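K.L.:
Chains A and B, in that order, give the protein sequences.
When you number the first sequence by the working numbering, it's gap-free, plus one each residue, and the end is 423.
When you number the second sequence by the working numbering, it's gap-free, plus one each residue, and the end is 167.
Since the hints were made in silico from the structure, they are not lab data.
Everything numeric in this text was worked out from a predicted model, so none of it was measured.
Treat the hints with care, as some may be off.
To spell it out: a stretch of chain B is covered by chain A in this simulated footprint if at least three of its residues, at any positions, have a beta carbon under 8 Å from a beta carbon of chain A; those stretches are [stated by the list, open to error]:
(1) 20-31
(2) 59-69
(3) 92-99
(4) 138-150
(5) 153-167
Here are a few chain A residues that sit away from chain B, every Cβ distance over 12 Å (derived from the structure) [said to hold, decoys possible]:
(6) His242
(7) Leu264
(8) His277
(9) Glu351
Glycine residues also receive a C-beta, built at the ideal position from the N, C-alpha and C atoms.
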Amino acid sequence: MGMTMTQKILAAHAGLDTVRAGQLILADVDLVLGNDITSPVAIKAFAAAGQQKVFDRDKVTMVMDHFVPNKDIKAAEQCKMCRDFCHAQQITHFYDVGKMGIEHALLPEQGLVTAGDLVIGADSHTCTYGALGAFSTGVGSTDMAFGMASGKAWFKVPSAIRVVLKGSLPQWVSGKDLILHLIGMIGVDGALYRSLEFTGEGAASLSVSDRLCICNMAIEAGAKNGIFEADELTLQYLREHGAAAPRIYRADDDAEYERTIELDLSQIEPTVAFPHLPENVRRFGKIGDIPIDQVVIGSCTNGRLEDLRIAAEILKGRKCAENVRVIIIPATQQIYLDAMREGLLEIFIESGAVVSTPTCGPCLGGYMGILAKGERAAATTNRNFVGRMGHPESEVYLVSPASAAAAAVTGKLTDPREVMRA
Amino acid sequence: MKYTGTVIRYGDNVDTDVIIPARYLNTSDRSELAAHCMEDLDPTFADRVQQGSILVAGENFGCGSSREHAPIAIQASGVSLVIAASFARIFYRNAVNIGLAIVECPAAAAAIAEGDTVEADLDAGVIRDLTTGACWQTAPFPPFIQTIIAHGGLMQAAQDGAL
Ligand code: SF4
Numbered sequence: 002m003g004m005t006m007t008q009k010i011l012a013a014h015a016g017l018d019t020v021r022a023g024q025l026i027l028a029d030v031d032l033v034l035g036n037d038i039t040s041p042v043a044i045k046a047f048a049a050a051g052q053q054k055v056f057d058r059d060k061v062t063m064v065m066d067h068f069v070p071n072k073d074i075k076a077a078e079q080c081k082m083c084r085d086f087c088h089a090q091q092i093t094h095f096y097d098v099g100k101m102g103i104e105h106a107l108l109p110e111q112g113l114v115t116a117g118d119l120v121i122g123a124d125s126h127t128c129t130y131g132a133l134g135a136f137s138t139g140v141g142s143t144d145m146a147f148g149m150a151s152g153k154a155w156f157k158v159p160s161a162i163r164v165v166l167k168g169s170l171p172q173w174v175s176g177k178d179l180i181l182h183l184i185g186m187i188g189v190d191g192a193l194y195r196s197l198e199f200t201g202e203g204a205a206s207l208s209v210s211d212r213l214c215i216c217n218m219a220i221e222a223g224a225k226n227g228i229f230e231a232d233e234l235t236l237q238y239l240r241e242h243g244a245a246a247p248r249i250y251r252a253d254d255d256a257e258y259e260r261t262i263e264l265d266l267s268q269i270e271p272t273v274a275f276p277h278l279p280e281n282v283r284r285f286g287k288i289g290d291i292p293i294d295q296v297v298i299g300s301c302t303n304g305r306l307e308d309l310r311i312a313a314e315i316l317k318g319r320k321c322a323e324n325v326r327v328i329i330i331p332a333t334q335q336i337y338l339d340a341m342r343e344g345l346l347e348i349f350i351e352s353g354a355v356v357s358t359p360t361c362g363p364c365l366g367g368y369m370g371i372l373a374k375g376e377r378a379a380a381t382t383n384r385n386f387v388g389r390m391g392h393p394e395s396e397v398y399l400v401s402p403a404s405a406a407a408a409a410v411t412g413k414l415t416d417p418r419e420v421m422r423a
Numbered sequence: 005m006k007y008t009g010t011v012i013r014y015g016d017n018v019d020t021d022v023i024i025p026a027r028y029l030n031t032s033d034r035s036e037l038a039a040h041c042m043e044d045l046d047p048t049f050a051d052r053v054q055q056g057s058i059l060v061a062g063e064n065f066g067c068g069s070s071r072e073h074a075p076i077a078i079q080a081s082g083v084s085l086v087i088a089a090s091f092a093r094i095f096y097r098n099a100v101n102i103g104l105a106i107v108e109c110p111a112a113a114a115a116i117a118e119g120d121t122v123e124a125d126l127d128a129g130v131i132r133d134l135t136t137g138a139c140w141q142t143a144p145f146p147p148f149i150q151t152i153i154a155h156g157g158l159m160q161a162a163q164d165g166a167l
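Use the sequences and the hints to build the structure in full.
P.N.:
This is the structure we're talking about:
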């Protein structure tokens, strides 16, 4: 029987000709990632097991992004532990303040992931890199410790759901709307333990930035990974970012899928996920007036340059509504710099928004935009669980960059097409 | 492995943000994490949980972030076993990797009530509700995962050369 893209990458890294869904394997990893929250736990586990040296100093990377620049003394201690460890281990790719960005925006940008790679990261959104034709998945800190020590990880080979895309997205509709729509269809456990494999002629019409956003939120459907087959656009992106030589894996014609979902991109509309689950999606128009206290544009989901450009297009020459705090966070230093050079930061500041250094910050309720009791945020982030951005009785509405910018202008949840028509 | 304890029960999609909110992730200290376990979902949890308590939950338990702080907080608070209809995959592997006992059993998860006394024998794959007398059979873990659990976690299994 044939294999899916994911199964082929796993087989190749386990040194096997074939694997089948459900099989437990031990596979070689190309990159092990951790951040300032998950790495300290991994470092402790690594030391407790008497490990001395990482398996390959080029293949372990730590990114200080969640509570960085340090939000408090404890956060500072955690970063120091990572910094000291990386220094002692002579880790090549250690990203501290000044170099760091949000990990899942940073790694592709820095060319650390290529098509065909197997990447594990002690962060659930590690699934982002599937956009580049890699198998990448979130694991825990003990997996990270084991990966750092041995260069390996254990996996249960997943079955897959195939998502066949056709057509192309309308104006002001983005990859974020598509993935929210899909999660709304299948639910937050709709792809539990499975791969989401995106194919079809519509896939080619999506930018790499949109693909990264879509794979980023595969985990919000419970998926082990999301993956696009590497195409010309992918290869061009990998070349531009200096990534290693790609290995392209295509699903066999007779690969087995548990389910096939067809999506017509031209039918997707701006979508919003209501609290407190990413599956609670609605379309604008049927939601009534929902006033917003804060807008966040950023995160590993939507903090890339393309996202900022869309927001700037909407905010240009407009003012943020009274009583709305608008926080814009470029995901990496490079994006920050590019946004500055393109004049996007000026547009944001003139509109009344604040622009922050790269950080996860408010996305996980860390700092830099915590919500008070009863407050509502429209955010381009990926989770809207209870208390995710602050007080347990605050609310997060997940939207695209265009919809977030529209909310900034009107002060309530708004279809971006309405603002641009006005 | 056998576990007996009093049940604390929650619903579907218990996510890692409520198991241990991000505002406490600036530490990896076990007792500090335990003190805030489940705080946003159930502020009474820390007072009610006892050494050996059994958590029972619905679908997709532990969804969300990969933070190992979540199973650590549960383990450190005294919970001996988590029974759920299903687990989010990263939570599942984290629990296995740190040696927190978990078992998937939709029927048991649906029937067991808050406060019941439950006994589980994971080797035999038997869960018994001692309060109601009901009993369920579960599938055993695959041998690879049994090995990790038998060694008390992934790092120990690796150290023992068992993988
Ligand atoms: S931006 Fe949010 S979702 Fe992404 S890595 Fe940071 S905390 Fe996690």
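K.L.:
All hints are to be evaluated individually against the structure, with a verdict given for each.
P.N.:
Verification of the hints:
1. Given a C-beta distance limit of less than 8 Å, the hint that chain A covers the region 20-31 of chain B holds, as 8 residues qualify and 3 suffice.
2. Counting residues of the region 59-69 of chain B whose C-beta lies closer than 8 Å to any C-beta of chain A gives 5; at least three are required, and the coverage claim holds.
3. Counting residues of the region 92-99 of chain B whose CB falls under 8 Å from any CB of chain A gives 5; the rule of at least 3 is met.
4. Taking a C-beta to C-beta cut-off of 8 Å, the region 138-150 of chain B contributes 3 residues in contact with chain A, enough for the three needed, and the coverage statement holds.
5. With 7 residues carrying a beta carbon less than 8 Å from a beta carbon of chain A, the region 153-167 of chain B meets the three-residue requirement, and the given coverage holds.
6. A:His242, annotated as away from the interface, keeps every beta carbon of chain B farther than 12 Å; the closest lies near 25 Å.
7. Separation of A:Leu264 from chain B is adequate, the least Cβ-Cβ distance of about 23 Å exceeding the 12 Å criterion.
8. With a least CB separation of 9 Å from chain B, A:His277 falls inside the 12 Å interface cut-off, contrary to its annotation.
9. Once the 12 Å rule is applied to beta carbons, A:Glu351 is consistent with being away from chain B; the minimum gap is 32 Å.
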